[in-house]
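Chemist: Sequence:
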Amino acid sequence: MNKIEQMLQELCPEGVEYKKLGEVCEILRGKRLTTRDLTSNGKFPVYHGGIEPIGYYSTNNRIANSVMLINVGASAGTVGFCDVDFWSSDGCFCFTHNENISQKYLFFVLQSMESSIKSKVRKAGIPTLDNKGVERIEIPVPPLPIQKEIVRILDHFTELTASLQAELQAELQARQEQYKYYKDKLLKLDVAEYRTLGSLSKFRRGSFPQPYGNKDWYDGDGAMPFVQVADIADNMQLVADTKRKISLLAQPMSVFAPKGSIIISLQGSIGKIAITQYDAFIDRTLAIFQNIASNVLPKYFVYQLERIFEIKEKTARGSTIKTITKEEFTNFQIPIPSLSEQHRIVSILDKFETLVSDLSQGLPAEIAAVQEQYEYYRNKLLTFNHIKSN
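Note that the sequence shown covers residues 815 to 1204 in our numbering.
Honestly, the hints are just simulated from the structure, not real lab data. By construction, the Cβ of each residue, glycine as well, lies at the ideal position given by its N, Cα and C atoms. Treat each hint with caution, since some may be false.
[Stated by the list, open to error] Derived DSS-like pairs: lysine-lysine, alpha-carbon spacing no greater than 30 angstroms straight-line:
no. : residue 1 : residue 2
1   : 934       : 834
2   : 934       : 857
3   : 1140      : 999
4   : 937       : 918
5   : 937       : 833
6   : 1073      : 1113
[Unchecked claim] Label pairs and their computed distance ranges (CB to CB):
no. : residue 1 : residue 2 : range
7   : 934       : 1070      : 37 to 45 angstroms
8   : 1190      : 1007      : 54 to 62 angstroms
9   : 875       : 984       : 37 to 45 angstroms
10  : 855       : 1022      : 39 to 47 angstroms
11  : 929       : 852       : 53 to 61 angstroms
12  : 1010      : 984       : 35 to 43 angstroms
13  : 938       : 1199      : 37 to 45 angstroms
14  : 984       : 829       : 40 to 48 angstroms
15  : 1051      : 974       : 31 to 39 angstroms
16  : 1120      : 852       : 37 to 45 angstroms
17  : 1199      : 855       : 50 to 58 angstroms
18  : 1051      : 1098      : 15 to 23 angstroms
19  : 852       : 947       : 25 to 33 angstroms
20  : 1073      : 1010      : 23 to 31 angstroms
Let's have the full structure, built from the sequences with the hints guiding it.
Modeler: This is how it looks when you write it as structure tokens:
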């Protein structure tokens, strides 16, 4: 920062000029290729609607070290950088190279503004980023030597950040494997009593009420959360707010899951489990356990369900949408140790779960903190006292 401040004082003591992007460089829209044009072994990657190539082509229309700004689809507003010659389709804006601005500097600037750029995306129909809106984005344009020094610093910091994140990710992977090993060891008990799930709890599937007349079944006053597979998070809970609600009119035709219920998916992404943290109704692809036997802890029950599905998912029917029937599921067996042993097992597994999965603790938080640190210093480097252009 000291070196950058010295350069700013020497080269632009009155401040850095901010210019509209359209004044700095021309925005280039690519040309769409058909599926027949794409190959898996072509020389040049093709980008359209994302920063991962959709295929390869025999020639290029953009040169290496160019900024990409995705302008259509779910990734609209995402900023990328390609260090090889490539083909830009019409779902990917690029920018002309010129002597006044470094493409890598432009990448870092636009990357720091990505959330703001995404807010300009039109959501109706296919998400689209308009080139006129992009042209009006204001960016700081310091003298080229300052741009190059910022790029040098951020390239180095990016490399260090990626290296540290890779180390943490490798350690997290090792912890996950360790967790999986101990979970299997703790839950695969040599006890006399094994019980079927059907004998330990009442078990029923949810339902999907059909629209009633011209009424919208998932809207209106008194609507309640309607849980589907996508609403089950990876932390044994539901997402904060479900994508759908179910109307008062349709609620009597659906299955109610009071707060604290154990639900599980039996179709598609089978084996996703949650202990609900609010009252809801559940879709037919899910099932609910009720009235669990008094000699079984609910959390122990959930951990055993997870283990069952790690084993049984491989045998589920269906090539695209896998399914396990209610009859099959109720016949699965789990070991039932004493309550004190269940408490011990749950306590150990909860600690592992927190370490591995909880984003507020452990290695995942460290990985997130490294990214936040990078973004903090990147934004600090790209913040200037500025003079707006006329």
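Chemist: Could you tell me which of the numbered hints above are not met by this structure, giving the numbers in increasing order?
Modeler: 2 and 11
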